[in-house]
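Those sequence lines, one after another, are chains A and B.
Counting in our numbering, the first sequence runs from 119 upward without gaps.
Counting in our numbering, the second sequence runs from 73 upward without gaps.
Treat the hints with caution; some may be incorrect.
One-sided and incomplete, this derived list gives chain A residues near chain B with beta-carbon spacing under 8 Å [said to hold, decoys possible]:
{"#": "1", "residue": "Phe126"}
{"#": "2", "residue": "Thr128"}
{"#": "3", "residue": "Pro134"}
{"#": "4", "residue": "Asp135"}
{"#": "5", "residue": "Gly139"}
{"#": "6", "residue": "Pro162"}
{"#": "7", "residue": "Ala167"}
{"#": "8", "residue": "Ile168"}
{"#": "9", "residue": "Arg174"}
{"#": "10", "residue": "Arg175"}
{"#": "11", "residue": "Pro181"}
{"#": "12", "residue": "Gly185"}
{"#": "13", "residue": "Leu194"}
{"#": "14", "residue": "Gly195"}
{"#": "15", "residue": "Gly196"}
FYI, nobody ran anything at the bench for these hints, they're computed from the structure.
We put the beta carbon where it would ideally sit given N, CA and C, even for glycine.
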Amino acid sequence: MKVEIKLFATLRRHLPDLAPGQGGVVDLPAAATGRDLLTVVKIPEEEAAIFLVNGRRQELSVPLHEGDRVSIFPPLGGGGATA
Amino acid sequence: MRKVAVLAREFPGPDGTPRRVLAHADLVQLAREEGLSQKTAEMFSLRGGYIPLRYLRNIGTIGIDGQDRLLQATVGVVGAGGLGGGVIELLARMGVGRLIVIDGDSFEDNNLNRQLLSREDRLGSSKAGAAQERVAAINSAVEVVTNHLWLTGENGAALLSGAEVVVDCLDSLPARFLLEGICRDLGVPMVHGAIGGFMGQVMTIFPGDEGLGAIYGPPTGAPERGVETRLGNPAATPTMVAAWQVHEVVKILLGKGQTLRHRLLIMDAESGEVRVIGTGGNPQ
């Protein structure tokens with residue numbers, strides 16, 4: 119099955135041929151999960167802070183479906199001052 | 073009140089309708105003659121239906137009562153760096169009457185690209201002190217309580233006591249979780265903001281909400297920092313997020329609009345995409 123994937127900020131390096139905001143298509147075995155997708159595109163789990171399927175947050179253990187649109191955002195921590 | 077009426081004049085609002093206003097210089101004179109603080113003089117003026125002219129462009133959005141309410145409010149700003157510098161500037165211009173600023177840091181060269189309070193002539197000096205100086209120059213009605221020290225689990229509740237909303241302008245995840253816990257104990261909402269590269273995010277967290285855990289996972293497993301370690305923070309990113317944080321503060325204080333409670337706003341200037349993502353719970 120094919121899912122569309124969009125990566126943001128530092129995660130873009132995992133699909134370097136795509137322009138910012140451009141989605142890529144990843145071919146996965148049927149019933150593959152979000153975690154399987156991360157393995158295929160070589161994104162460590164801790165770098166996938168926000169994992170969206172069709173615009174909604176989803177657990178990595180949930181199976182994906184043909185045509186799903188996945189967006190993955192890394193963690194942000196900057197701001198200016200440390201306590 | 074008679075003096076207010078004498079000093080007041082008509083001035084066209086943004087739509088051309090005449091409004092009864094008081095110039096800043098007249099309010100300074102009134103405060104001096106009556107022995108009032110600048111803040112009290114402004115609140116006195118507003119309660120008589122006279123708009124301090126400096127707030128004229130606020131009034132259409134928040135109303136005279138809203139402006140009065142902001143002047144009475146106390147907001148905590150933890151961090152006076154990239155996010156904090158923008159947040160403090162905008163809260164002062166909105167006319168939020170009392171700011172508690174906490175930052176133990178001093179300015180360094182690498183702050184100059186993005187931290188609005190930093191200046192070449194302030195390198196090596198206190199960020200909290202710079203906040204006080206800046207606010208005094210912008211709006212003398214705003215009181216600033218400065219704390220040139222780091223927030224800790226021990227001092228947090230005492231330092232932030234009296235704050236009705238706290239703004240998270242920190243830069244490490246452990247510090248954010250610490251602040252979230254302090255706000256939960258104090259029973260006050262916290263407006264979270266974080267940045268990295270072209271990206272920023274904002275979420276409003278009320279006591280009892282899942283909060284930061286919904287973004288970063290449980291505090292024990294959360295990374296210490298995020299993509300900013302690789303991408304840095306270019307000049308415009310903190311201000312992009314600080315502006316949204318200030319709108320959240322104003323909405324919380326005035327009970328207006330829809331806050332970003334249980335919703336994470338992600339702005340990515342690089343791709344030109346903005347998302348609002350539900351994080352569980354009931355959006356407000």
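In rising order, the numbers of the hints this structure does not comply with
Failing hints, ascending: 3, 4, 6, 11, 12.
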